[in-house]
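**Student:** When the count follows this note's numbering, it moves up by one through the sequence shown with no breaks and lands on 627 for the last residue.
To be clear, the hints were calculated from the coordinates, so they are not data collected in a lab.
Quick list of in silico lysine to any residue cross-link-like pairs, SDA-like style, CA-CA up to 20 Å:
hint, residue 1, residue 2
1, LYS345, LEU557
2, LYS547, ALA620
3, LYS311, ALA615
4, LYS248, ALA147
5, LYS413, TRP378
6, LYS591, GLU369
7, LYS547, PRO373
8, LYS536, ASP602
9, LYS345, VAL617
10, LYS413, HIS520
11, LYS248, ALA146
12, LYS591, SER512
13, LYS311, LYS547
14, LYS311, ASP614
15, LYS345, LEU383
16, LYS547, VAL562
So the derived label-pair ranges between C-beta atoms look like this:
hint, residue 1, residue 2, range
17, ASP602, ASP432, 26 to 36 Å
18, ALA90, ALA620, 47 to 57 Å
19, ASP217, GLU560, 57 to 67 Å
20, PRO316, THR381, 16 to 26 Å
21, GLN6, PRO316, 43 to 53 Å
22, ALA183, GLY537, 38 to 48 Å
23, GLY172, ILE552, 23 to 33 Å
24, ASP215, GLU619, 29 to 39 Å
25, ALA208, ASP94, 23 to 33 Å
26, THR224, GLY384, 48 to 58 Å
27, THR616, THR81, 19 to 29 Å
28, LYS536, SER468, 28 to 38 Å
29, LEU478, ARG35, 26 to 36 Å
Positions of the beta carbon are idealized from the N, C-alpha and C atoms, including for glycine.
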Amino acid sequence: MGRYQDAFTQAAEDPDTFWLGAARGVDWVHEPTRALDDHHAPIYRWFPDGTLNTSYNALDRHVAAGNGDRPALIWDSAMTGASRTYTYAELLDEVARFAGVLSATGVASGDRVIIYLPMIPEAAIAMLACARIGAVHSVVFGGFAAPELAARIIDADPVAVVTASGGLEPGRTVDYLPIVAAALELADAASTTVVVKDRPEIPGAAADHGGWLDWDEQLATATSTPPVTVAATDPLYILYTSGTTGKPKGVVRDNGGHAVALTWSMSNVYDIHAGDVWWTASDVGWVVGHSYIVYAPLFAGATTVMYEGKPVGTPDAGAFWRVIDEHHVKALFTAPTAIRAIRKADPDATELRRYDVSSLRTLFAAGERLDPETFTWAGTVLGVPVVDHWWQTETGWAIVANLRGLEPMPLKAGSPTVPVPGFVVEVVDADGTPVGAGDEGNILVRLPLPPGTLTGLWNDEDRFRSSYLRAFDGYYLTGDTGYRDRDGYVVVLGRSDDVINVAGHRFSTGSFEAVVASHPAVAECAVIGIHDDIKGQRPSGYVVLKAGVDIDSDVLRDELVTRVRDEIGSVATFRDVTVVPALPKTRSGKILRKTMRQIADHEEYTVPSTVEDATVVEALAQQLGG
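Please model the entire structure based on the sequences and the hints provided.
**Tutor:** Take a look at the structure:
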């Protein structure tokens, strides 16, 4: 751990020197002379005297360096069969002109713009155009219901909404315009400027709503707008965390720290450089899409792939392999749930044989726990390193990772490896006392958090402090539990509320799921704690079988019970196993364990707005008699 340890130590002990060095990877209007502003701790700011423009760093500087003909963005739509490649010069032209559209409607530096778009190039263009004029964008996942969109409109108070006629899902379309109209009415914001990208596949246009603007018509006559200089500490975007109830929790990201951290991460974490083809199979509505579809790869001068489709069903389990083959992808970043979906549909990876994926060097996974079985399967069929890493919407980039560009380390199934320089991770008990190697506890990050992490919550500093900073003085509360092994590797077991208390014995859901997922018949699983009159809670397992597997449910249950008893112990009292056709998840792949618990315990529940498929929740409720 030579290079890694040097970087980690310097970032922890001399953050000014470390991060000012990293800041040299960014083009500044006024280069910062200091990195950390700690005058208002525990609220910290990075590069307080620096000024820059994020859009310039993503686009203009590459064109100015003579790389305008390099591919910047490849849009691949499995939903329409269309594909388009934008060079850096072409993407810059469209971004600069759409920035002109926004400016002409009155959007100015510091104003908020809601972006409610599907996975089409205009989503990235709108984000970069906002950054170009200093406006603060807030991307809302396309298809969110009107009340959820309205809540975000009320909180962000935007001067404009950018949307499309609709989005495409396998077997159905989602009409966006009625949702936007209803949300604006609910938010009492009917006079807000609305710009609509008309998709030919979906009926509906701006002309159907009085005063709404057509994207293409406005762009045709727009004037290109130069980048506006903003302070490094000015907000770049607001991103509302998934699963919020009541008042949304808007994570705020700044311009300067964000550009420095993401630029550093592309080369040091992912080993991706100018000219490499990088694909993040996510959605711009999530933090992964913000950081690693749009901003980081463009900061690095790489080519980023934007994919509209699913890992299976558009049209089959070879969809990902086709994209890698056609676009010569060097590294793929996706959620473990996508790999599990492919494995479930095609356990022998027969679809993979139809494609040449020799360009692929690394598969990165994040967004949820990467179980050892999925880790092993993916590595075996692809023949490349499968690299887990762990981070959150709030942090914006990896807390724990195997730094492939700085110093690759041995991979361990079940661990995302070591803390990234800038993140000093500690594991403590409920009283804040550090625990020993192998002992589970609360995972904390020592303050200050590094650049690129949240600077607060939109218009709600007290909630920021109470949610993240007050539980353990001097630390950021991640809300996750786990442990460090004897090699210093971090193992993340799950959310701190995903703990099963069996007669006073605490077990993480992750420990059960690791055992259950190791069974050769299981494609994916979830284990939750349900009410037990005697023990308080007992673990209950829900498993999805691999395609083509035929096993008696009683046999499966007995084998899983034996495995859990052998690996965790009889005190776990694991006896309940239910085979289900699918697990309810958010669109970002997180399993809705709280909702599952409520269903299993026959409690009232609300289907979260972030659910991928509400029919899966309904089917589970019927199956369990909820």
